[in-house]
Structures are given as structure tokens and as C-alpha cells.
Amino acid sequence: MNIIVCVKQVPDTMDVKIDPVTKNLIREGIEGVINPFDKNAIEEAVKIKDEYGGKVTAISMGPPQFKESLKEALAMGVDEAILISDRAFAGADTLATSYVLAEAIKKIGNYDLIFCGKHAVDADTGQVGPEIAERLGIPQITFVKSLKLENDAVVAERLLEDAVEKVTVKLPAVITTTKELNEPRYPSPIKIMKAARKEIPIWSASELNADPEQIGLKGSPTQVVDIFTPEKTTEVEMIQGTAEEIANTLFEKLREKKVL
Amino acid sequence: MTATNSSEYKGIWVFAEQRDGVIANVTFELLGKCREFADKLGQKLSAVLIGENLEDTAHELIYFGADEVILADSPVFSKYRTNPYTDILVELVNEYKPSMIIYGATSVGRDLAPRVAARLKTGLTADCLDLEVDDNGLLIQTKPSYGGNIMCKIICPNHRPQMTTVRPKVFPMPARDSSRTGEIVRKKVNIKEEDIPVKIIETAKEESKGPKIEEADVIVAGGRGLETKENLKLIKELADVLGGTIGVTRPLVDEGWLPPYYQIGQSGKTVKPKLIITCGISGAVQFTVGMQSADVIVAIDKNPDAPIFNVATYGIVGRVEEIVPELIKKFKAMLNK
Numbered sequence: 001m002n003i004i005v006c007v008k009q010v011p012d013t014m015d016v017k018i019d020p021v022t023k024n025l026i027r028e029g030i031e032g033v034i035n036p037f038d039k040n041a042i043e044e045a046v047k048i049k050d051e052y053g054g055k056v057t058a059i060s061m062g063p064p065q066f067k068e069s070l071k072e073a074l075a076m077g078v079d080e081a082i083l084i085s086d087r088a089f090a091g092a093d094t095l096a097t098s099y100v101l102a103e104a105i106k107k108i109g110n111y112d113l114i115f116c117g118k119h120a121v122d123a124d125t126g127q128v129g130p131e132i133a134e135r136l137g138i139p140q141i142t143f144v145k146s147l148k149l150e151n152d153a154v155v156a157e158r159l160l161e162d163a164v165e166k167v168t169v170k171l172p173a174v175i176t177t178t179k180e181l182n183e184p185r186y187p188s189p190i191k192i193m194k195a196a197r198k199e200i201p202i203w204s205a206s207e208l209n210a211d212p213e214q215i216g217l218k219g220s221p222t223q224v225v226d227i228f229t230p231e232k233t234t235e236v237e238m239i240q241g242t243a244e245e246i247a248n249t250l251f252e253k254l255r256e257k258k259v260l
Numbered sequence: 001m002t003a004t005n006s007s008e009y010k011g012i013w014v015f016a017e018q019r020d021g022v023i024a025n026v027t028f029e030l031l032g033k034c035r036e037f038a039d040k041l042g043q044k045l046s047a048v049l050i051g052e053n054l055e056d057t058a059h060e061l062i063y064f065g066a067d068e069v070i071l072a073d074s075p076v077f078s079k080y081r082t083n084p085y086t087d088i089l090v091e092l093v094n095e096y097k098p099s100m101i102i103y104g105a106t107s108v109g110r111d112l113a114p115r116v117a118a119r120l121k122t123g124l125t126a127d128c129l130d131l132e133v134d135d136n137g138l139l140i141q142t143k144p145s146y147g148g149n150i151m152c153k154i155i156c157p158n159h160r161p162q163m164t165t166v167r168p169k170v171f172p173m174p175a176r177d178s179s180r181t182g183e184i185v186r187k188k189v190n191i192k193e194e195d196i197p198v199k200i201i202e203t204a205k206e207e208s209k210g211p212k213i214e215e216a217d218v219i220v221a222g223g224r225g226l227e228t229k230e231n232l233k234l235i236k237e238l239a240d241v242l243g244g245t246i247g248v249t250r251p252l253v254d255e256g257w258l259p260p261y262y263q264i265g266q267s268g269k270t271v272k273p274k275l276i277i278t279c280g281i282s283g284a285v286q287f288t289v290g291m292q293s294a295d296v297i298v299a300i301d302k303n304p305d306a307p308i309f310n311v312a313t314y315g316i317v318g319r320v321e322e323i324v325p326e327l328i329k330k331f332k333a334m335l336n337k
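Those protein sequences? They're chains A and B, same order as listed. According to the working numbering, the first sequence is numbered sequentially starting from 1. According to the working numbering, the second sequence is numbered sequentially starting from 1.
Just chain B, with the same shape it has in the complex (with noise of 0.2 Å):
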């Protein structure tokens, strides 16, 4: 294939990511991560926000780091879809040649990137959990493979730009300042309604009680080893006396005791709690991929020799059925409610 001429392309581009004018979480984590690499490197970092009356929104990214906010604005945009979006985005990196562009690996992301890369044919790795750069502007990117129980480094050394999806919250949210100031880059939209394929009917929002799963802070989680769906309730009731919220195992969703929106792991949600305790849980890989970078873990089991007594700070062995109802008991009692 023939090389793109990196010198040409130079920047640094976060793909920055909102639904209905909110800006996903994982933009600002990603501004935070390149502000050090265009430090680093001594360029430019832009948040490219394509949407629809974002004038606002836009200064949000330059509070977050950003050197400035390339905004595609226009009603064909009000809502996510791969066609119009791939278009956009991709003629600014024909007019603008960055030399690398870091999405989040969500379902945008993850549908987005793709199609750009095989338009531009430049390299992408998916689902990364760790970036660096080198001295040159090569970044090194970490991404598992094998439901976590290998972990690859993969560059994209001779075309560019270079493009990676990363998981939300493998990076720490940078602080917001509202000092900040950068320019916004106003980019003339032509493309109409009529000719974009897919039209959305509607978005149905999954309902679920208490924090989101993603942002808790705290969150009880469940596996086979809760025994029976009567159990379910026991690590509801531990998760409503701490404020936090529930999780659970893949098994569990495949036996449909909970929808998927519940289910942490990898082929689930990444959670990054201050507390996660869990129920009964043995600790397969695809699940700890999803919550070993908790602040503090506490795994109860009744195998002595479940693998999630390697990633916890705190074990217990025993049932759930015994040990739960005794947590509920104390912490309701201690934290007064």
C-alpha cells in the first residue's frame, strides 16, 4: 500500500463525542490524555465536534483542554448515523491532515472509526486501554485480545493519519477550566437529508433505577455463584444501602436474569467504581477486563481458588447468602439508614 507522507500531517484530533448536546465522558478523558501529548509534541490539539446547535457545547472541549473545537453544525447531524458523519469527517481530515485522531470506543466510536479508516485507508486499532507517544509523534497503542488474557502494542508507522478507539474510563477525567480559551473553527456543511440511506425511527432509552452503571461510584455485582435470581435482591439491597448500583456477569444475561445493559465485562460495560463488591463472582478474565481498574475490590467467593481473589483488595471466602445479609445488616446500621 502505498505510505501517506507523514510529514504532511500534523495535530492531534479527539473526536469529540455527544448525544443530544452532551458530550460523552470519554471526550474529555481522551482531551485530558492528548493535552499531554501535544505538549509533548508541540502541537495542536483540536476537538472535532460534529452535531446539531453545539455553539455552546463547544466551548466545553477548550475548558477541557482543547487548543481549539473544529464544529460541523447542522440539522443532518442532530443525531448520530455512520453515513453523514464518515463524510464530514472525513473531508476535514483532507483539509486539515492531522496526524492522529483518538475516538471513544463506544458504539458511535465503534461504528464511526471504521468507515473513516477504510476511506482513508489508514491503520485503526480498536478498544485500547493505554496510549503513548513517541519523540517522532508515533503512537503506541495498547489494545487485549483474547478477553483480556493478552495484551498487544500495535503502531500504524507509515500512513496516517493514525486512528485508535479507546475504552471510556481507562483514563482519569482532567479538571475543567473555564479559563481556557481557544477558537472555534466553523466548517460549511453541504450534505443533505435526502441523501443519507439510513433514517432513524426512533431511540428507545433503556430505564434503569439509580446511578448509571458506567458512573457509579459504587456498584454490587452478581455471578453464578449467587446461587438462585431470589439472591438478586440480597446484592440490590447491599447496593441501595451504599447509594451504589448493580452489575452482573455475562452467564446471568445469558440466563436472562437481567437485561444487557446490567452486564459488566468484556463483552459488557468497563465500570471504574470507587467500590466494587462482588457476589459470587469466580473472576473469569472477560469479566475482570471490565472492572479491575476499581478503586478498591472486594470479592466474595466460596472457592477459595477463584481467580478474582487475584485482582481484589479485600477477600472473603464464603456465601454469598451468608456473608451478604451480614454486610447489609452493619453497613445499614453504620451509615444510618
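This is chain A alone, in the form it adopts within the complex (with noise of 0.2 Å):
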């Protein structure tokens, strides 16, 4: 069984602010650490290779400290990590980042199976792994919860809004993963070690043969025009007293509002 991992480095707040006058986010402070749901796909993809052998393999495209990420993913198990990083990839949107993601699993080749989180917390799409499954013309099974593997098929639960949903589909497929699905291990200290000695290979656009058209903003249809700190509207009112004064004050209130 050969299985690709994507991974997305996020910083590890969401708490976080845009300079008023470059409009770039202030980085200062802020840490990267692997995208939450991108590690619920670590764990299931390492603990597919325990059960049934094969490898497997992360990928992330990003700058360099992105690295550190494919190294946590390396002490979690994974058996090699490959950084997708050039230049000319800064600025992608969803399309352009699947395009140098589905090139670089191209190059590794003879997959089964491929995870992506089923979305990342920072820009929070969704699209790059349904895009990456378009691009390599094979079927998606998106937002699963549990999955397991049937011969040469794979049979998965989709969360969906107020039902899950069990598919199936034979290999190979794109699989995006919820936090329901498992609880990403946490790595020894032994493991963090090794793979900290990995070698982690990057890859540039050349190496991908990547089309210059189809990457970073030029290969991007949509561009940011703006970037904003959204405003609150609103004023509170605070209602004090017991909790019996309280209880009254309210429902007088929520009765002059009309909601009750």
C-alpha cells in the first residue's frame, strides 16, 4: 500500500493580526505547526501502512521552515518527506498549489491512496484536496470519519451536516479526513531524533517540469484585493443584580425585543 500524505503548515494560533497599513499579517511570535486535521491524515495513513506494509510518503509545498512540519510528520511515522518549494510557487491559490501538489505525486507515482486534512485552519478552503483528486482523474471520498480497506476498495463514513454517509470506492483515491477519524500519536522522543537526522529532499518547479503558467499567481484565477480586521457593530448591555432580579430584568428585555 503506498500512500502520499499532504501537509500544511499553519501558525499554531488563529489569534492573529494584519499591519493597518501593509495589509501583511504580523508574524511576530507566531509558530508553524502541521494543519490539526492534516494529522488526523498522518495517523490513519501510518497506521494503514502498520496493518498492511507499503510506504509512506509526506509532501507539503511551502518555504523552507515548512520542514519542520515534515519532520514532525517523519517522527509520526511517516517514511520519507519531500519539501515542494520554489519562488515561484509564493502567491498560489487553490488551483495552482493543487497543480505543483498533483506533479509532485505524479513524480513519486504507484499510489493507493493519497490524505489531505479536509481542510486548513488558517485560509480554511477545502478545495486543494478535491483538486488534487480532479487533476489526477481519480475519485475523492471527502470529510471521513472512519475508513477501512476491502480488498482493493476502500469503504469510508462521511460526516455530512446531520448524517453520515458509507461509500465505497476502489483504489486509487483522494481521501480527506475529519478529526473524528482517529487521535494523531504523539511521537516519542526517539522518534523526534531520528527524524530530526532525516534527509528531507526539495523539490523545485524544475524538477517538477512544472509549467510556469500554471504556478504561483500566474497560475492563480483568484486574487486577495483586500485584507480586513472584521469590526463589531454592536454595544452590550449588562444586566446586573441576583440572579432573580437578573432572570426578571431579562425577560423584560427579550419580551420588548420580541424573541420570546
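For the record, the hints were derived by calculation from the structure and aren't laboratory data. Treat the hints loosely; a few may be bogus.
To be verified - Derived EDC-like pairs: lysine to aspartate or glutamate, alpha-carbon spacing no greater than 20 Å straight-line:
{"#": "1", "chain 1": "B", "residue 1": "212", "chain 2": "A", "residue 2": "162"}
{"#": "2", "chain 1": "B", "residue 1": "153", "chain 2": "A", "residue 2": "226"}
{"#": "3", "chain 1": "B", "residue 1": "272", "chain 2": "B", "residue 2": "217"}
{"#": "4", "chain 1": "A", "residue 1": "253", "chain 2": "B", "residue 2": "295"}
{"#": "5", "chain 1": "B", "residue 1": "302", "chain 2": "B", "residue 2": "230"}
{"#": "6", "chain 1": "B", "residue 1": "330", "chain 2": "A", "residue 2": "244"}
{"#": "7", "chain 1": "B", "residue 1": "187", "chain 2": "B", "residue 2": "52"}
{"#": "8", "chain 1": "A", "residue 1": "145", "chain 2": "B", "residue 2": "295"}
Stated by the list, open to error - So these bits of chain A aren't anywhere near chain B, every CB distance computed over 12 Å:
{"#": "9", "residue": "1"}
{"#": "10", "residue": "159"}
{"#": "11", "residue": "178"}
Here the structure is a predicted model, which is why all the values come from computation and not from measurement. Cβ coordinates follow ideal geometry from the N, Cα and C atoms, glycine included.
Take each chain as given, in its own frame, and dock them per the hints.
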């Protein structure tokens, strides 16, 4: 079973601010971590490999510091990690990102399963997984909460708004993972040390023979034209007194507002 | 990337999401908003309806604002599946060349739209909270990032169709007008079941008592400040008294107190009730982004500096255990229940 996991490094906090003048994210003091849903993807891939044998490769597109997350993936049990990094990739939207990742996946070749987190918590699009599937011309199963292999097929449960849908598809396929799928492992100190010593190759645009028209800003149909912090519009009215007084006042207020 | 010739692309499409013949409310909300765009630009508003046995359902889309319904009706579409829906939608786009396609940011929309975008090699913006069009028909899409801490305005200037998924409940439900008329265009379907890779084995509905959380008029929501799982009973009782339902924050779901169905916020549901009472919720933006458009927000938290008071209409500083029982008593007496 050959498995590829797509990993994104995201800020460890969503409490980020933008510089009102430059419109850039203030990155001071923000650490990078593996996108939480991608940890579920790594965990599932390693679990399957442990049971059925094979190899797990983690890939990530981003700047050199994304190596940190790939090292963590290695410590969690991934066999190999590849950083896909080139200045020419900068400014990629999901379409351009999926192009590069799909090209890297083709270069690795011979895959049975591809895992992505259901979305990244920073940009929150959830688009790259399905876009990779389309570019590879293979099926996708999104929002997966349980997974098992049956011969050359996979049976998965998908977590929908108010239902769980059980589906099956022949391999290869792209799976996007939810936090319900598993509990990601904490790597042991020995594994962290071993992972730190492991070589992480870097693939650039030329190593992928990437079409310059399809990468970075050029390959991105969407453009961000403004970025801002949302403003709050209302002023809170505090209700004080004993619990009983509060209940009485609140009831009157809600009656006035016609919500009761 | 080669740009598309934008002038060839005209018309506004709403992807009409349905399950078992019932149109999702977000579809009507999108028709309402896109009706404004269609009138402003002098373009046609079409609803694209894909499914099985939907002749009657199609008229509803016209009553809610569509000029026409493009209907692809076939047993292969009886339940949503990525591949056949992508195939037919892309075929329709290539035939009719719409300027924009708007989807609900639901499990269906967020599975389908990126697949369509990658096949058409066009742009897609996820999970929008607002849409505008300029006089040239350029769609300006506002989406949250970083859990709603930051908003981005995004455009797709040189590729068509412009595509976006929009979160349910951000646009109001338009009025239904059964005197409206429009055309139903039936599309011949050549997709065969044996060519579809994914098979659905079963669909199990999640059971919940009371109204669906996305549609409830009153929600009582609990967070870490409930302190004990036992106190979930308090918010349930208050919700019952008010004829509403309950919701929780992500930490309580992670703790296993309630299934993800009840989760409100960035990685859960977006709700827009008339009244929400938050109990012991400090108000991290990941939570408030899912409920801040409620008409009236009552926040109860023991920490007077909790950020929930920045979005609340009424604030009460106190412990849930002390305040909520009094509210139950008072509301029960006054509402005669």
C-alpha cells in the first residue's frame, strides 16, 4: 500500500492580526504547526501502513521552514518526506497549489491512497484535496470519519451536516480527513531525534517540470484585493443584580425585543 | 494561465442543492441575493437542478427568484455523488457559459465546487460571508480566514465562470412568490451507473430532539464554563422552556459531551437564531463566527472580560449554575410551561 499525505504548516494560533498599513500578517511570535486535520491524515496513513505494509510519503508545498512540520510527520511514522519549495510557487491559490501537489504526486507515482486534511485552519478552503483528485483523475471521499480497506477498495463513512454516509470506491482515491477519524499519536523522543537527522529532499519547479503558466500568481485565477479585521457593531448592555433580578430584567428585555 | 474570454460568459447560476427532492434553504437564500445581481446586470438568473424526479421541485426555484431552471434529471443523480454531478455540471457550463456559479458552502457544495473548478481551470472562493458585484459583473467575494479573525476580499478577474461557495444563513430567505413564471430547460443525461466509481452503501440520519440547530429560532449554547457535564441538563431545560434547541462549543465536542452535530462555530455549524443564550462560553472567535449574526445574543459568563461580551446584546456576569436555574424558573412561570 503506497500512501501519500499532503501536509500544510499553519500558524499555531488563529489569533492573528494584520498590519493596517502594509496589509501583511504580523508574524512576530507565531510558530508553525501541522494543520490539525493533516495530523489525522498522517495518523491514518501510518496506521494503514502498519497493518498492511507499504510506504507513506508526506509532501508539503511551502517555504523552507515547512521542513519543521515534515520532520514532525517523519517522527509520527511517515517513511519519507519531500518539501516542494520554490519562489516561483509563491502566491499560489488553491488551483495553482493543487497543480504543483498533483505534479509531485505523479512524480512519486504508484500511489494507492492520498490523504489530505478536510481543510487547513488558516485559509479554511478545503479545496486542494478535491482539486488534486480531479487533476489526477481519481475519485475523492471527503469528510471521512472512519475508513477500512477491503481488497482493492476502501469503505468510508463521511460526516455530513446531519447524517453519516457510508460509501465505497476502488483504489486509488483521495481521502480528506476529519478529527473524528482517529487520535493522532504523539511521537516518542527517540523518533523525534531520528526524524531530525533524516534528509528531506527539496523539489523545485524545474524538478517537477512544472508549467510556469500554472504555478504561483500566474497560475492562480483568484486574487486577494483586500484584507481587513472585521469590526464589531453593537455595544453590550450588562444586566446586574441578584440572579432573580437578572432573570426578571432579562425577561422584560427579551419581551421588548419580541424574541419571547 | 490562459485567461477565458469573459465577454462570452453571461448569466448567473445558482447550484440548487437538494436532498431527496427537498431543496436546501441555502439555495433559496442564494437565489434571493443573486436576483439582485441579475437585475443590476440585466442578466438571466438560472438555477441548476440535478437529481431524480424533480419536475415539481423545479418550480419552487422559480417561485424563489430564478428566471429559468436547468434540470438534469436521472436515476444516476438520486443521491449526490462527486463524479456524476461534476460531469453534468461541467457539460452544462461548456454549453451555456455562465459568468458565475454560486454554491452553498455545505458538504455537497464544498465537495463539488473544487472538483468543477479544477476541471474548468477556474477560480473558486470558499465559505464566503458576503458577495457584491460591480457594474462590469465582477464578483467581489468576502471570506473569513484564520477562524474569522481576518476577512479577505477576493476576485477572479480573468477566468470564467467565477465560482464561490457561500455559508448558509448569511443571506436572508427571499419571499416565495407562486405567481412567478419561468422556463424549465431539460438536459439530456448520458451518464451510466456503471461508469460511476463511488457507490453509496447507506446513509444514517443523526437523530436529534427538537428543531434542527441550523433552523432553530432559539438556541441555548454551552461551553467550558458549564464546568460539569451534569450542567448540560440545565441548558437543555432552558432550551425546552423556550422551545429551542441546544448547541455547544468545540471543546465540549472534543470532550465527548455531545456529538459534532451540536457544534457551533468555525469547524461546526453556522446558526442565525432570533435568540441565542450562551452559557459559560468565553467567546473565542472560532465560536462567535458561527453565531454572531443571531438577532439577540445573551451572554452569561463568570469572567467580566470575556470576549463574548463584545458580540453580546445583553451580558450577565455570573456562574451558569447560579443564573440559569433562575432563568428557567422565571421563563417557565411567564411562558406558562
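Quick rundown of the hints versus the structure:
1. Distance check on the hinted pair: residue 212/B and residue 162/A sit about 9 Å apart at the alpha-carbon level, within 20 Å; holds.
2. Between residue 153/B and residue 226/A the alpha-carbon distance is near 5 Å, which keeps this suggested pair within the 20 Å criterion.
3. Distance check on the hinted pair: residue 272/B and residue 217/B sit about 8 Å apart at the alpha-carbon level, within 20 Å; holds.
4. For the given pair, residue 253/A sits about 13 Å from residue 295/B by alpha-carbon distance, which is consistent with the 20 Å threshold.
5. Between residue 302/B and residue 230/B the CA atoms are separated by roughly 18 Å; this keeps the pair inside 20 Å, and the hint holds.
6. Restraint check for residue 330/B and residue 244/A: the C-alpha separation of about 8 Å stays at or below 20 Å, so the hint holds.
7. At most 20 Å may separate the alpha-carbon atoms for a hinted pair to count; residue 187/B and residue 52/B meet this at roughly 12 Å.
8. Taking the CA atoms of residue 145/A and residue 295/B, the gap is about 34 Å. The hint is violated against a cut of 20 Å.
9. Non-interface call for residue 1/A relative to chain B: holds, since the shortest CB-CB distance, roughly 19 Å, exceeds 12 Å.
10. Non-interface call for residue 159/A relative to chain B: violated, since the shortest CB-CB distance, roughly 7 Å, does not exceed 12 Å.
11. Separation of residue 178/A from chain B is inadequate, the least Cβ-Cβ distance of about 8 Å not exceeding the 12 Å criterion.
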